[in-house]
Every structure is written in C-alpha cells, then in structure tokens.
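Asker: Sequence order for the protein chains is A and B. If you count the first sequence from 1, position 354 lands on 354 in the numbering used here, and the numbers rise without skipping. If you count the second sequence from 1, position 191 lands on 191 in the numbering used here, and the numbers rise without skipping.
To be clear, the hints were calculated from the coordinates, so they are not data collected in a lab. A couple of the hints might just be wrong.
A pair holds if it fits inside one copy or across any two, identical chains being indistinguishable in the list.
[Unchecked claim] Derived lysine-lysine pairs resembling DSSO-like cross-links, with alpha carbons at most 30 Å apart:
1. Lys279 / Lys291
2. Lys387 / Lys320
3. Lys217 / Lys320
4. Lys353 / Lys306
Computed from a predicted structure; not experimentally measured.
There are 2 protein chains.
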Amino acid sequence: MGTASLGGMKVGVSRLDREIDELAAISVHPAPAVTRVIFSPEDLSAREWLTVLAKEAGFLVRQDPVGNLFIRWEGSEPCLPAVATGSHTDAIPNAGKYDGVVGVLGGLEAMRVLKEGGHVPKRSIELIMFTSEEPTRFGIGCLGSRLMAGTTSPEQAQALRDPEGRSLDELREAAGCRGSLGAVKLSTGAYKAFVELHIEQGPLLEAAEIDIGVVEKIAAPSAFRLLLKGQGGHAGAVLMPGRKDAFLAAAEIALLVEKAALESGSPDTVGTTGLVEVKPGAINSIPCDVKMEVDFRDTNKEARDKALARIGDGTHAICKRRGVTVDWQVINQDPPALCDPSLVALVEAQAAKAGCTQQRMISRAYHDSLFMARVCPTVMIFIPCYKGYSHRPDEYSSPEAIAKGVTVLAGCLKELSAR
Amino acid sequence: MGTASLGGMKVGVSRLDREIDELAAISVHPAPAVTRVIFSPEDLSAREWLTVLAKEAGFLVRQDPVGNLFIRWEGSEPCLPAVATGSHTDAIPNAGKYDGVVGVLGGLEAMRVLKEGGHVPKRSIELIMFTSEEPTRFGIGCLGSRLMAGTTSPEQAQALRDPEGRSLDELREAAGCRGSLGAVKLSTGAYKAFVELHIEQGPLLEAAEIDIGVVEKIAAPSAFRLLLKGQGGHAGAVLMPGRKDAFLAAAEIALLVEKAALESGSPDTVGTTGLVEVKPGAINSIPCDVKMEVDFRDTNKEARDKALARIGDGTHAICKRRGVTVDWQVINQDPPALCDPSLVALVEAQAAKAGCTQQRMISRAYHDSLFMARVCPTVMIFIPCYKGYSHRPDEYSSPEAIAKGVTVLAGCLKELSAR
C-alpha cells in the first residue's frame, strides 16, 4: 500500500484506533480475543458505550424492537430517505477486534469527520449497528437485517431459542428492546442507499497490496443443522459390528462436506462443519446423539445447490448404512446478492479521489448487506486484513488501512447525502 | 432363566429393588436416566444415604483419603485379612441404575442376608464403594482402585484436573476426604479375596438364558487423549485448499480407530471415540482446536497394541497431511487381569449350589477388579442385563436376575469369611 492522499478529509486515526481498543475490552475473553455474544452483559455494555459515543458526537440514537441500533445525523430535509451505513459489533467466542467493528466505529468516524469538516447533509445519514450478525446465540446469522428485509418473519424469529432454551423475545425484552417484532421490517424506499465498510476476511487484498476492494456480489450462503441419533452403550462391552455410533456418522458426513466443496467445480465453494456436539460425551460411552451445524456457500448458486444435493444424498446413505437416524434442518439457504452498479461506480470514484489502489471483488463471507440489498441499493467496501485471518484473536487491520476505508466511506456518504 | 433354589438364604428382593430405585433418584437427570458424577452434590448425597443404610444394618463405615468408602462387618478374628466385595455408584451423564450399583447395594444385601441368617464371620467382610470408577470427571477410570493398587501414584493423582480446572485435592477436600493420598495404597495381603458382582454390560448371558457369568479374565483397556491444533478462520472467507481444519483431522482419526478395531484380527477388539470437543464451536468458524478421547481395548493384549500402533501411525500421517499438530496423551494402557482360579471354582460351586445356570466368560468392560487383582485374589460374578445395554437410561436387570447374583455372592462371602 502506498501513501494515500486522504482527499482533503481528516480521519482521526488515533481516535478511531483507541475506540476499537476500548470496544475490544468489552469482552468475556481477555485481549486480543474478543467474545461478545448478542444480548450478553458484554453486548449490552457495548451498546451503552456506543450510544454515549454517538450522543457525544451530536447524533440521535434509537433502537428497534430486535435491538438494531440507529445512530442518526439529521439532514436538512429529514423526510427524504436517509443514506445508511453500518455493520455489527457482536463477536463469536474467541474472535478478533475488527470484524463488524470497523464498519460500525469506522462509520461513526466517517460521520464525525464529515460533520467536523462542515458538511451539511441534505438527506439524513444513519449508522446501523445490526443485531446478531453472528449466529452464535440463535443458530442463524444476520437476524437483525433479515427481520429488516422481511426475509425472516416475526413468527420465525419468535420460534428461535438459544442453546439454553431461552427465546429471542425473553432475551430482547431483558435487554430493554420494546415493541413488536413486526415493526422491525423496513418499508420499501426507507433508505436511499446502504454502504457497508468491512475487513475482507480473506487474503486477496493484502497479497495484491490493494487498498480498497469494491464488492460487486455477495456469496450465496446456506446453513443446515443435523441431529443424528444412534445407539449408546458401554464402550468396552458392545462389539464393533452391532454398533450405531452417531459420531462416526457425523465424522463421515463432515468429510463428505469437505469433499463436496472441493469437487464442486467452483473454486469459491466452501463447506465447514463448525459446530459439533457429541453426547453423552464420556470416553467410555458410544455416542448416541450428535448435533452438527454446517455452513456451505458459493458465489455460484447452481454449484452450491448441486453440492448440497450431493451432501444430502450422501448423508442419507451414510446414516442408513450405520443405522443412525438423521433430522436435517435447513437454517438458511439464501440467494446471492448483487451490489448496485451505480454505488459500485461511486465507491470506485471515491477510492480514486482518495488516491487508493482498488479492485472489484466478491464477498465470500456474508454480511448484513446481503439482506439490506433486498431493501435498497447496496454496496460494500473491503479493506485488507492480515493474512485474511478472521474470527480469531489475531485478526488485524492496520490503522492506515482502516483510515483509507473510512475515507472512501465518508466520500460516499457525503456524495449520497448531498443529492 | 429357570427358577433357582436360593440355597437356603433369603435375598430381600423387594428391599434391594426399592433401594436401587432410591439411589437412582439421587441424580442430576430424572429417572430412568442417572447422572451422578464423582464429588458432585448427588455423589455426596448418595454416599450419605449409603452410610445411613450401612449403619442401620449394624456395619462400621470409614472413608479413605480419596473417598473410597469401606462398610465393614467385623469378624470374630478382626486381625485376619478381610474378605472384600464392592463396586461403584458413580454414573456417567445419562447412564442407567444398575452399572456398579448392583455390586454395591447387592453386596450390602448379601452381608445383611448372611447376618440375618445367623452367620458369624471369622474374617471380617468389607464392602467397598470405589471412588470414580467412571472417568467422567478426571478422564481416568477406576481412580480409587488404581490408588489402592498403587498403579496410579499420589503425584499422578494430584496432577488430575476436572474439565473446569479443579484439582482432585480441591474436590476431595471439599467432599470431606481428609489425609494424604499416599495412605490410600493397600499393603500386600490386606485382603484375602475380592469378589465383585456386576451386570454383564454385554448381551451374551441374556441371549443364552444363563443366570451367572463366572469371569475368568478382564480385558486390557487403554485410553488416550488427542489435542489437535489447526488454524481457525471465517468459514465463508478461507478457501478450502489452504485450510487446517482440526475437526476434519479428528473425523479421519475417529474413522481410523473404528477401522483398526474392526481389522485387528481379534473379534473382541473395541475402539470408541466417546468424547469430542470442537472449538471455537461456531457454525461460521473453521475448527482450530479439538480434544478427543479414545477408548480402545481387547482381551488380547498383542492384538490391541498392534491396532494402537496402527492408529498412532495413521494419526500422524493424517495430521501431517492436514497441517494439524497433535499432542498424544496416554491416559492408561493397562494389561489384562486374570481372575484367581480357586475363586473361579468357588463361584462355580456356589452358583451350582444355588441352582443357577452358569458359564465362564471374559469381561470386556473394565472394572475396579482389574486393579484389585493386583492386590489380592479376585473374581467377578456377572448377571444378565437387557440386550447388554449399559451406560444408558434403559439399562436393566430383573430383580430375579439380581437376586441370583446376590445369592451366589453371599455364598462366596460366607465360605471365604469362615476359613
């Protein structure tokens, strides 16, 4: 990365950097690890902290019934659809400090920089902190933006339970989120545009020494949960031929998921068995119950769905052979999203204006933008991160890389809010 | 099973049955499941309950520093080495009510029946309730009898930690067990004999309609723990070829364990991956850490050790190919035990006297007898259980089957305590 002219605007590198560290400290696990599960005490503290920060900067703060937080800079024509940016601050166990956070705190910084620079927006600018982008608690990601887009209905959301059996309603009410979930859905035209700044979570920008990734397309994610039921028994006493070991079925299925991803014909297919719970979970007991959750995605919907069909067939064959029953639950199977061409062009123009090197790319990770794209024109701005690491404590983006992303975002918000 | 003449002694079928149910109710999980982990509140309640029962029957109760409980019926020559029976009452999560319990409560019933029948023992009779036969809490089974036999040293025991990091010393002291662990080891000749009554935990006796299994040999168990370390990352962003997924390595290893057991050349080889913990354990995160525990055993030590060597080689090849590191920890690798021929003959004679059908057999599950066999002549008495099920809530032995086992045990204790 060369030195970039920051286009006349002064991004507060040290201020933003300090705030990222402050937010990272609101975590169950100590730095550099970050664990901040939705509606946990840490999540609630982070929300309070962010609200104070936003009010200090002179912005309005409101929250919707599912806890999506809106930080609003009122424009001179407040009835016009606002321009939105944002991301999430929830973090899976032992994650890092940048995923989502760069879009939230970077969005706040972009708004402050514009305000300090004397910009007077015609349209209001709103920074959204989305609820539960991470699926940790409820098994489904992007809960806040799904409800905003109407992709998930209030009834589906009400049926969600966390691993301890607590409902979304119980948890959101305990967190002080009032009102009916039906009120979360946005009306068409509620926003003029949505622009999300995010770390790449992949290695391409860093390897190519490119400052800005302009996202054209977001991969088609899908996720499913398998509940496998075999037959338990004493590990010493039940001979091998008669066994119905639920974990061995799970092991075969996980290897099949890998094989299906590797052989899909699309280089972008990824398949991951990220969650595996084995019961009873004693060294001398044959596993009788396994819960596994699989994430499978591609930018190519056809390749993905073909691979998923192969996994489905293979799973049933494995379970039949092993005498294990399977309950296959689809968590989500979303289509890919296209970013808005005029917004893509706008990001490119602003990156050029800021003197940043840039390339178009696709997002393989999925983001709230995938659902915002159903509500309004959407685009994403990616910045490089160390080796593409994400969801781990050594996730890292340099202050300079973040500053460039914030500068390009500020340029976009300035342009979009002026028209 | 035909009707058995119970050899003149009157086993209290309904009393014993009621006590088995009472003990089963002291459990974390509701009946028919039983969960009673060593030094848990339930284990401590069970100990108190058993102590009261033993005192009501007129026996003495003492506890050693690791919590092995000794229920003593003093003989007329109390300085002679005592005759011992016993088993365990701890239970893995979601186990049944008979494993171990039949040997403890059945042993108590045998002593009461002899006392009520007017028997006056020359040698004292001791019923032992062993600490932590199940490896649930500390990862190693038969902790109490290992320390009694000196197979595990006090230093090794002191190094044990439960999954929450609590030490054996901390937990035993909280449970009221005083004194140095060094005092647990038995001197040679401390007991004249040890006879353990147990459900078969296998299907053979029930299928052949045989009342009593006379155990000649106990299988050679071994257990190991693998700590696998790969590389985490975002499930959507890291392409397949660069991954170092610790769980996929674990899946391959578990399937190799199964294959090595199936192809060992010995029909008795069993291999089980009973414990698997995957971290960070989020659907959208590549697993970076896996802990797995494997139980592998055979009556044939050579076949077992050859299969273990194959698993070792294969594990290293799998991990190398996948870029995953492995820390291989041996939990135990015990030799098989032979039962004492004269005690085997005694059980056969007592079974015949009680009119029971019988057969000699081997124990594939391992028991405290495996370690008691290093201290004194030892034998086991097996009774049939439903389909061989064990370590699950539907574990079952009929009151009649248990009564026959208790009668044979009482006959042995009577004989042994008279000489």
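Asker: Against this structure, judge whether each hint is valid.
Answerer: Each hint tested on the structure:
no.: 1; hint: Lys279 / Lys291; result: both (9 Å within a copy, 14 Å between copies)
no.: 2; hint: Lys387 / Lys320; result: between (42 Å within a copy, 22 Å between copies)
no.: 3; hint: Lys217 / Lys320; result: neither (39 Å within a copy, 36 Å between copies)
no.: 4; hint: Lys353 / Lys306; result: neither (43 Å within a copy, 69 Å between copies)
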